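K.L.:
The chain contents come next:
2 protein chains.
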Amino acid sequence: MNLLLLEEADFVAADRVVLGDRRFTHMQDIHRVAVGDTLRVGRLGGLMGQATVLRLEGHEAELSVEFTQPPPAKLPLTLVLALPRPKMLRRVFQTVATMGVGRLILVNSYRVEKSFWQTPFLEPAAIREQLILGLEQARDTVLPEVIIEKRFKPFVEDRLPAIAEGTQGLVGHPGDYPPCPRGLDEPVTLAIGPEGGWIPYEVELLGKAGLNPVQLGERILRVETAVTALLARLF
Amino acid sequence: MNLLLLEEADFVAADRVVLGDRRFTHMQDIHRVAVGDTLRVGRLGGLMGQATVLRLEGHEAELSVEFTQPPPAKLPLTLVLALPRPKMLRRVFQTVATMGVGRLILVNSYRVEKSFWQTPFLEPAAIREQLILGLEQARDTVLPEVIIEKRFKPFVEDRLPAIAEGTQGLVGHPGDYPPCPRGLDEPVTLAIGPEGGWIPYEVELLGKAGLNPVQLGERILRVETAVTALLARLF
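The listed protein sequences correspond, in order, to chains B and E.
Converting from the first sequence to the working numbering requires adding 169 to each position, the first position being numbered 1.
Converting from the second sequence to the working numbering requires adding 169 to each position, the first position being numbered 1.
Read the hints as simulated data drawn from the structure, not as lab findings.
A hint or two may mislead.
Said to hold, decoys possible - No farther apart than 30 angstroms at their CA atoms in a straight line, the calculated lysine-lysine pairs in the DSSO-like style are these:
id: 1; chain 1: E; residue 1: 256; chain 2: B; residue 2: 243
id: 2; chain 1: B; residue 1: 256; chain 2: E; residue 2: 256
id: 3; chain 1: E; residue 1: 243; chain 2: B; residue 2: 256
id: 4; chain 1: E; residue 1: 243; chain 2: E; residue 2: 322
id: 5; chain 1: E; residue 1: 283; chain 2: E; residue 2: 256
id: 6; chain 1: E; residue 1: 377; chain 2: E; residue 2: 283
id: 7; chain 1: E; residue 1: 377; chain 2: E; residue 2: 322
id: 8; chain 1: B; residue 1: 319; chain 2: B; residue 2: 377
id: 9; chain 1: E; residue 1: 319; chain 2: E; residue 2: 377
As the list claims (entries may be wrong) - If you want the ones that stay clear, here's a sample from chain B, every Cβ over 10 angstroms from chain E, calculated:
id: 10; residue: 235
id: 11; residue: 319
id: 12; residue: 322
id: 13; residue: 385
Stated by the list, open to error - Calculated Cβ distances over 10 angstroms to all of chain B for the following chain E residues:
id: 14; residue: 355
id: 15; residue: 368
id: 16; residue: 373
Everything numeric in this text was worked out from a predicted model, so none of it was measured.
Every residue gets a Cβ at the ideal spot worked out from N, C-alpha and C, and that includes glycine.
Here chain B stands alone, though its shape is the one from the complex (with noise of 0.2 angstroms):
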């Protein structure tokens, strides 16, 4: 944690929060504070700035924040990624918060089990939580915006070429295409494949809405290692 992210509810006055949850435990545990401390805090949404340690309690810790900063620019990012597996998709929740995508659409593809759909880590509250630990990885305060397409037809048809238009659109897919581009200025609409890649099908209705495809080189990566990579070499 980098960053104490607040939220409204922690409020008691316009300068000051109480915390007495995990933010707190983290707080005496892994920073050791102690009363005149300070740390790095931001407001969930809105600004960054500096706390000071006034009080701290068994249960809770009472400080006075001053918002002074910008979080850091989103990258101009849509990132369309084909549902991962549960364990996977935590890890990937917080590395797209971390990196600063700015939206994540997670879609169906043949090759993602549909077993994937149920668990309870696509609830908002889990993927929320999530989200969190990125952002407060990062030092942003800014929550991505995160969409959920179970059919992979219609959101690609109907829905995606008007979020690909005026954008480069990219399909990281390995095999005989373009090397992904590096350090672009411009926004960008990036799909990336489950494990095994997306099927012939899937690709062409993806260049159909614009999308093309661009490979990494000859070495398979793990999707969230394949999202850090892609992103880091784009922007």
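Mind docking chain E on chain B? Use the hints.
P.N.:
Same frame as chain B, but now just chain E:
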């Protein structure tokens, strides 16, 4: 597992192997292979090719194998990494093998907790296990070299200058430094710090050894994410 990695002990003839361990279970449970099916295989440290299932029994499989293709090239990179916490370390070994790092040197740093050095995940068999998982993921056959340097100063002063010589020497470090370069063709020696980063004295010593700080932006990445992001950007 995108590649079935074979070791000398698996061979019962020059073109034939018998498998009865984790790889056999994986073939049955995940790939659901039948007699006559073909699989991608590689010979640890050698060529890659194809196997055909000859015989499947309750506890083992016999395959005929043919090796035709070299593994993908390694990155021309020595990665100097402050020892991560044990849970992260295992994934880092996999990531390093998957991404194609040629040589990994694990070093101490002021912010590495002493207890991290006690982890069983640093035992040679445990390291090898994770590296092999990473190679199987990427479809590679060549283990990265892993070196453990428990003392930072003698390593950086006495041995690192010779390693960094003739390479582009870089330290991933947040701050007011030049951005990390992109798409290099030359060999690189890259140092990545622990959670919380290198301390100034360490950055100074790495600089004397020929490694200069570069940054990846404002966001603080987990070690595993930083490794992937830096490699994807550099090569």
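K.L.:
Now look at each hint and say whether the structure bears it out.
P.N.:
Each hint, compared with the structure:
no., hint, verdict
1, 256/E x 243/B, "holds, 29 angstroms"
2, 256/B x 256/E, "holds, 15 angstroms"
3, 243/E x 256/B, "holds, 29 angstroms"
4, 243/E x 322/E, "holds, 28 angstroms"
5, 283/E x 256/E, "holds, 15 angstroms"
6, 377/E x 283/E, "holds, 25 angstroms"
7, 377/E x 322/E, "holds, 11 angstroms"
8, 319/B x 377/B, "holds, 19 angstroms"
9, 319/E x 377/E, "holds, 19 angstroms"
10, 235, "holds, 19 angstroms"
11, 319, "holds, 24 angstroms"
12, 322, "holds, 27 angstroms"
13, 385, "violated, 8 angstroms"
14, 355, "holds, 16 angstroms"
15, 368, "holds, 16 angstroms"
16, 373, "holds, 23 angstroms"
When held up to the earlier numbered hints, the structure conflicts with hint 13 and nothing else.
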